[in-house]
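Student: The listed protein sequences correspond, in order, to chains A and B.
For the first sequence, my numbering assigns the number 1 to the initial residue and increments by one for each residue that follows.
For the second sequence, my numbering assigns the number 1001 to the initial residue and increments by one for each residue that follows.
Simulated from the structure, these hints should not be mistaken for laboratory data.
Treat the hints with care, since some could be wrong.
[Claimed, not checked] Not everything, but these chain A residues come out facing chain B in the computed CB check (under 7 Å):
hint, residue
1, GLN264
2, THR311
3, ALA437
[As the list claims (entries may be wrong)] Far from chain A, some chain B residues (derived; all Cβ distances over 10 Å):
hint, residue
4, GLU1030
5, GLU1091
6, HIS1184
7, GLN1192
8, ARG1199
9, SER1234
10, LEU1249
11, ARG1252
12, ALA1262
13, PRO1273
14, ILE1378
15, ASP1383
From the three backbone atoms N, C-alpha and C, an ideal C-beta is built for every residue, glycine too.
Listed below are the residues making up each chain.
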Amino acid sequence: MMLRLAHAAFALATTLTVTLAAPLRAEIAIQEVTSPGGIKAWLVEDHNIPFMALEIRFRGGTSLDQPGKRGAVNLMTATLEEGAGDLDAQGFAAARDGLAAQIGFGADADEVAVSVQALSENRAEAMDLVRLALTAPRFDAEAVERVKGQVLAGLRADAQDPSAIAARLEAARQYGDHPYGSGGDGTIDSVTALTRDDLVAAWQGVLARDRVYVAAAGDITGEELGLLLDKLLSGLPETGWPMPAPAQLNDAGGVHVEPFPGPQSVVLFGHGGIAFGDPDFFAANILNEILGGGRFSARLMSEVRDKRGLTYGIVTGLAARDLSAEWVGQFQASNDKVAEAIMVIRAEWARLAAGDVTEEDLAAAKTYITGSYPLRFDGNGPIASILVGMQMLGLPSDYPRTRNDKVNAVTLDDLKRVAARLLKPDNLFFTVVGEPAGLASTE
Amino acid sequence: MRSLLLVLTLALGLAAPALARDNVTSFTLENGLALVVIEDHRAPVVTHMVWYRTGAADEAPGHSGIAHFFEHLMFRGTDSLTPGEFSATVEAQGGSDNAFTSWDYTAYFQRVAADRLSLMMQMEADRMRNLKLFDEDVATERHVIIEERGQRTDSDPGALLREQMGAAQFLNHPYGRPIIGWMHEITELDRQDALAFYRANYAPNNAIVVVAGDVTPEAALALAETHYGPLLPSEAIAPRIRPSEPPQLAERRIVLTDERVAEPYVIRSYLAPERNPGDQRKAAALTLLAELLGGNPTTSVFARELQFGQGIATWSAAFYDGTSVDPDTFGVFVMPVPGVSLAEAEAAMDKVIETFLTEGVDPEELARIKTQVRASTIYARDDAGGLARLYGQALAVGLTVQDVRDWPEILQLVTKDEIMAAATEVFDRNRAVTGWLQAPQPDVAANVTPAAAAEEATE
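Extracted from the complex, chain A is given alone in its bound form (with noise of 0.2 Å):
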């Protein structure tokens, strides 16, 4: 009767709070700049802290790689910070710290990134040392051997490393030859046979103007933001090479199990999935949300983990990337728990497929994604982040809100009917990495 009691008052106090504060903050002001030469970012400014947070992406990424010159995009990338302009690596290295500016390049299949910090105190030159990085980088031979010595090293390491070897196997199955298909930063072999030639033509061919996405947070006004731009891009060429093709998915179910060492079995797992831009993309995103999201409530999470102590973690994620669409999960166990979870997996697939969801479980899903939204933009590098990758998205600035009105739009009827759309119980494959007892390949 206590227990009882306590859950009552304790319920309704939960609910009250929810009640209150429905209408949270999320009312960020993003301005949208374009600067006197055309380039166009959006800002959002703060003063508080007197630094600025600017984000760069580079439409394309490792996808961009040319035929027989896998890894060149990555390795590109890896090697701007190592000299550009009358400045070594170490030369630059030591400008860069001087100004204490924080400067980040990384590649992957959909872009090229560039994150910058800069102090308010010595923007300008820290910009500079962008700019340079960004329209005059050396390739050195030194630095390209160094950097291609450190990206080999990684290759042999992913080739020791079950979760690599997971994440490689799965895409080879899904895309095939697709640049989707294969690790863009290459193999041992392509690294090795890359060339400074080919690094400047990665350069100029993916670091374009008719590709570029820009946003910022934090210490700088709009006008100070379009005049920065101006430097820092009117160097850069005006297009690069063509965007790939869309990918072909392989969406045969079926279980692959690589040998490998050791008392736990990696294991990916998924089907195809659903473009961002697709009328259904926010019942999905609820269904992932209640089948494997980020939540410990998850069911997945519960059947799995808490219920049956079968694994650490199990996430689930739909992967809508700019080339095709997936709905993926991992998790790792003993060998001898996989074959068990698998089959927990694939019963709770099915019980969701067939419709087997409530009103309190849309309900605690749409109250979790609606409230965890707003609780993002909470700093000037995290906002500028998801400014960057809205525009990718193709979303308009007054996006942050409307979408959790979205989200509340999203009916039972839309989640089932949705459900028996995209989850297919038949096409899940899992890709199994170790020596799971009492499984074995499909194929």
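Following the hints, position chain B against chain A.
Tutor: Structure of chain B alone, referenced to chain A:
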């Protein structure tokens, strides 16, 4: 994931920036609970953390892993919350929650909309004293932890080497036991162990609450008085006096050979002093030493000599984090390029250290590092949750709010001479453990014994 804190990472930034501007307020409730409030009103978000001054180094011998195991059990329900309801309630508010355990502390945290802070405090106060444990929940959670150990440690030869090195570094002090516990002891942990650990350590007078974000100190204090104020302090909280290390008389070496190793490396830890209340100068010197020697992948002494100069290393690093209750370690690391043996890499690393000890600090590099320290106090203000961790960790190991405030300034004041004195003191192979991680060697010539390697290294 509810997780272990990974204490040894190979890419440490500058340790512990604090605020230049003072928007940190601290209180102590009558029952002994410490409260730190860090204001950041830019977004309607708050991070709420509860830190307990207990961790793996406070476990009873033979029961390794209970601090971390118990952290998992804290999500298993109270008189008023069913198992899993804690996280489900946080998630129903749009928030996220998790916890982590280290040798010196265990911390629980939620990140939520600022107007949900009261509910978070209500639930944390509840489980501080009213946890309910059932045998079947304990048994299921033990399976989860065995999986966690499998994933984090037993599947990773590098983690296994670090575990072995820790055990070799600390013969007597409990820092030598892994946070997650030895497998043969994890499998024996039961409900009685958990309850004993709970009673001995979980009480307001052993806890620090840190609130960071869109909240005023007055409002946070009022909420803390409401929710934590009524909890009775425990008389069982004992001072943390742990067994100390005997004098180390000889160098210790570990060679771990594992077929899963692709890139061999050499790593060494030296026993090193920690930050102490009102006495952080030597730790500050060691922090700067780690930065100078191997903090920067391009301009540090190791990078210049081993990666750029001789070209024998793919990666190199030095690392130190003095935020601990008792003396911990200073580390160095070299991953050689293919064709360079671990013996050669270790010899080259030792030569660089030896040269550094005679040539001293490059003043330009030191100036750049100090500039970055100064800037890090600005950048750190962008991340209120990160500041909450910084203060929570420091207070949990016995430092004060004032120590955290003073830290950036102390880093600025440290001189070249202090850095060299700290280096001379810490670089003593007779206080060190050297580890080699390697794959099985088909080539007999490459099978150098550690003793032979050590001789080679001193030639």
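Student: Please go over all the hints and tell whether each is borne out by the structure.
Tutor: Hint check:
{"no.": "1", "hint": "GLN264", "in the structure": "holds, 5 Å"}
{"no.": "2", "hint": "THR311", "in the structure": "holds, 5 Å"}
{"no.": "3", "hint": "ALA437", "in the structure": "violated, 14 Å"}
{"no.": "4", "hint": "GLU1030", "in the structure": "holds, 25 Å"}
{"no.": "5", "hint": "GLU1091", "in the structure": "violated, 4 Å"}
{"no.": "6", "hint": "HIS1184", "in the structure": "holds, 14 Å"}
{"no.": "7", "hint": "GLN1192", "in the structure": "holds, 20 Å"}
{"no.": "8", "hint": "ARG1199", "in the structure": "holds, 22 Å"}
{"no.": "9", "hint": "SER1234", "in the structure": "holds, 23 Å"}
{"no.": "10", "hint": "LEU1249", "in the structure": "holds, 36 Å"}
{"no.": "11", "hint": "ARG1252", "in the structure": "holds, 27 Å"}
{"no.": "12", "hint": "ALA1262", "in the structure": "violated, 4 Å"}
{"no.": "13", "hint": "PRO1273", "in the structure": "holds, 27 Å"}
{"no.": "14", "hint": "ILE1378", "in the structure": "violated, 6 Å"}
{"no.": "15", "hint": "ASP1383", "in the structure": "violated, 6 Å"}
Checked against the numbered hints listed earlier, the structure breaks hints 3, 5, 12, 14, 15; every other hint is satisfied.
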